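Dock chain B against chain A, hints included.
Those protein sequence lines, which keep their order, are chains A and B. One point on numbering: in this note's numbering, the residue at position 453 of the first sequence is 453, and numbering is uninterrupted. One point on numbering: in this note's numbering, the residue at position 109 of the second sequence is 1109, and numbering is uninterrupted.
It is worth saying that the hints were derived from the structure and are not from the lab. One thing to keep in mind: the hints can contain errors.
[Stated by the list, open to error] Pair by pair, the computed Cβ-Cβ distance ranges are:
id, chain 1, residue 1, chain 2, residue 2, range
1, B, 1030, A, 419, 33 to 41 Å
2, A, 136, B, 1029, 46 to 54 Å
3, A, 479, B, 1083, 48 to 56 Å
4, B, 1075, A, 227, 45 to 53 Å
5, A, 136, B, 1106, 51 to 59 Å
6, B, 1003, A, 129, 49 to 57 Å
No experiment lies behind these values; they were computed from the predicted model shown. The C-beta atom is built at its ideal place from N, Cα and C for all residues, glycine as well.
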Amino acid sequence: MAPTFSRRRVLALGAATGLAPLLGACGDGSPSSPNSSNSSTGPVKLPTYKPVTAATPDLAAEPAGVSPGYFTYPASSSAASQPVRGEAVTALTYTYDPIAPALGSNPYWQNLNSKLGTELKLTYVASTDYKSKVATTIAGGDLPDMVAIQGVVQQMPAMLKAAFTDLTEYLSGDAVLAYPNLAALPTDAWRSTVYDQRIWGVPVPRARIGTVLYTRADLLDKAGLSLQPESWAEFKEMAAALTDERAGRWAFGQIPFTTILEMNGITGNWPGGAGVWQAEGGVFTHSGTTPQFTQALADTVELVKSGVVHPDHAGAPNTKRNAWMLAGTTSFTIGGYAGWGKFYGQAKDVPGFRLTGMLSPTRDGKGTRVRTPGPTLSSFTAVAKTDNAERIKQILKVLDWLCAPFGSSEYLALRYGVEGQTFTRDGSDPALTEAGRSQVFLPVRYLAEASPVIYEPGNRQAVQDQHDHQVAGVPLAVADPTLGRYSETAASKAASEQQELDAVLLEIQLGNKPVSAWQPAIQKFMDRVGDKIKAEYEEQS
Amino acid sequence: MRSLRDRWRRDRVLLLLALPGVTVLLLFHYLPLGGNVIAFQDFQPFLGIWHSPYVGLDNFEPVLTGDPVFLNALVNTLIITLIQVVFVFPLPICLALILNATVSERLKRLSQSILYMPHFLSWVIVVALFQQMFGNGGMLNAWLRSADLSTFSVVGVPELFKLMITSQVIWKDTGWSTIIFLAALSRVDPAQMEAAVVDGASAARRLWHVTLPAIRPVIVLLLILRLGDSLSVGFEQIILQQAQVGAGASEVLDTYVYNHGIVGGDWGTAAAVGLIKGMVGVALVLGANRLAHALGEQGVYAK
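So here's chain A without its partners, still in its complex pose (with noise of 0.2 Å):
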């Protein structure tokens, strides 16, 4: 079960898919052309997507890719699939929450191995070092049967190959149908599972809608200013009309880069340049290189100079950021979709409060918006080397079983426990105990877990806020042209040229260095590893 792999057999594998150049590349700077072998089998075909429900949304799907909004939790739940008999699994993830406790004394995850009949031994380490720890454990050879991958890891094909099962055969086009919650995950998050044209796991999908500009909505109104500008002279009037320096009020918390760079036309996150390749007829642009970028430079120069960003905006943590935006002393913070909810928590004793997200116009009022869609997933769940089929169909039972979606009775079991031990009704809403609280810190959900939903227990009108934002920026996202595309200079060798890059742009945006300092900066960056990182893509067009 437990397959034998030494780094040895990576490198043999690396060899003999190609990579030997990049490997034996010794300091002659030889052009080493990654080339996977990408054209071998063709164009996979992504699983059928068919979509399940346990429960009526009271907000509707729709359109594509925007989340179901859930008013109240139904109060009776039938199972979505049988439970998966056979020998235990064991998994290796990540979580971004403290430790659960252990399996002794954890009613929730007892109540989860009973329900979904298959033992899960689970493994998982914090997020900020799990790269290292499956690094180590590949590298040590003793995989367990499920590993989350997340990221892009250097010879991120060769080393699936490796180490893991393709599982094309068993997901590919309607072959998921044996697999109905497998087959209600979106399509673009399948996507980012593919390398080579094989599917290599189940991806954890996340919602479109990415990074939002969130907006303190009712002091907005106490203001009297519309929650939607229509153009960047719209957008500065609001921000100093939110500004008052003497009562130490100020629009941002930090500089909105991204919406400035949206108004221009481009999309983008920045520091760390992800969804920055645009694409045009099979020619890759970085889109650092347009003088779009550069306008939106010269944009951000200015709006920071106005005097409408927070003073001590630099180098303040997300934490003070968003401190900042619920105590008023800023109307907005920026920050992904998933926090969203979070905030109804922690401003449970502001006045009014009621948070809503702003989309970016463009910059003279006319034309089409475009938005940074978020990433397609958290990570992708691949199993481990093996050649047992029965083996492999039972882990994707579990991987399904995990899946199911919300108003199932797995569901409530996966998010919520048993009724009375680790959580109570408040009404139909489901609300976790204390004890259930720390129980359910168990990262299941950071394997497999349905599509994401909207779903505020108590809350409609955040429920509400949520899916109009949804359902006005889902349809702006451009699609990142590089979605199911690797490019191995880009995995091993950009973060760092990415990392310098960074740094040119903090300057400007703090006003130490001139807008022409771009420039010079972008074309290193192209030099050193851009075009390369172009060229690769566009290979594989």
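Just chain B, lined up with the frame of chain A:
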């Protein structure tokens, strides 16, 4: 000359007592030195040290070709080193002399306790304190703003960054660093001092001819040790404040290693720069020690 056996019999308890310390030193200080080999590799964590390919001196390219980003880090490091050796190092000596001259034992104890305290605060706290007091939205400026006075920026001004981190170091550690000097001062021979007084030497003369010569060996020893890690100019302190001013003013060799290695994944170059920094440190210690010998001091070790 005693035989080895006699010495073993005499010292075995001491040697046994030293064993745990030596083991820790070997395991956590000397063994990891081997990891420096990645300075000569195209290191990929997934392949590990044993399987990453060797690339010769490729990783030293930024150093050899004078990459502006590296040079910026080097220049910043040298400036901060200079400031800290010239301005920060003598301060505890002055403070120790002042404390030593304090007549009231009670006042001396009290001021010592107060001066030691900041040393026990972590950098996160110290930086947060500075931010809360002097930040652009901090206490001082909030008050100035509410009184319609012009504000005054310290935090986030690249030109003032080196000054600011130096004052933080002074505030945090000057008191603590007086300990060794105070101990040395307590050993100044009272008889010499009395003789000087009898001879009619003024306070300044006594300081110059009696006190300072008495603590000179300690000063030289500490200066040499300080030079050894002088290129480590406060990694934690700087990385915590780097985003406020950008890398131009704040990147030093240590943050360069962190930003390129841990953040950027360019382990090879980061290790190469770290290695060079270590070598410069060793050279500084040896050089300073030689200078000390030339001046007739004992230095860190005897000739």
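| task | Kindly confirm whether 46 to 54 Å is satisfied by the beta carbon distance between residue 136 of chain A and residue 1029 of chain B. | result | 23 Å, violated
| Has the hinted range 49 to 57 Å been met by the Cβ atoms of residue 1003 of chain B and residue 129 of chain A? | 53 Å, holds
| task | Given the hint of 51 to 59 Å, check if residue 136 of chain A and residue 1106 of chain B actually sit that far apart at their C-beta atoms. | result | Roughly 58 Å apart at Cβ, these two residues keep to the hinted range, so it holds.
| message | Verify the CB-CB distance for residue 1075 of chain B and residue 227 of chain A against the hinted window 45 to 53 Å. | response | 49 Å, holds
| Range agreement (Cβ of residue 419 of chain A with Cβ of residue 1030 of chain B, hint 33 to 41 Å) | Because 58 Å falls outside the window, the suggested range is violated.
| request: Starting from the range 48 to 56 Å, see whether the pair residue 479 of chain A and residue 1083 of chain B falls in it by beta-carbon distance. | output: Holds, at about 52 Å.
This entry does not satisfy hints 1, 2, going by the numbered hints stated previously.
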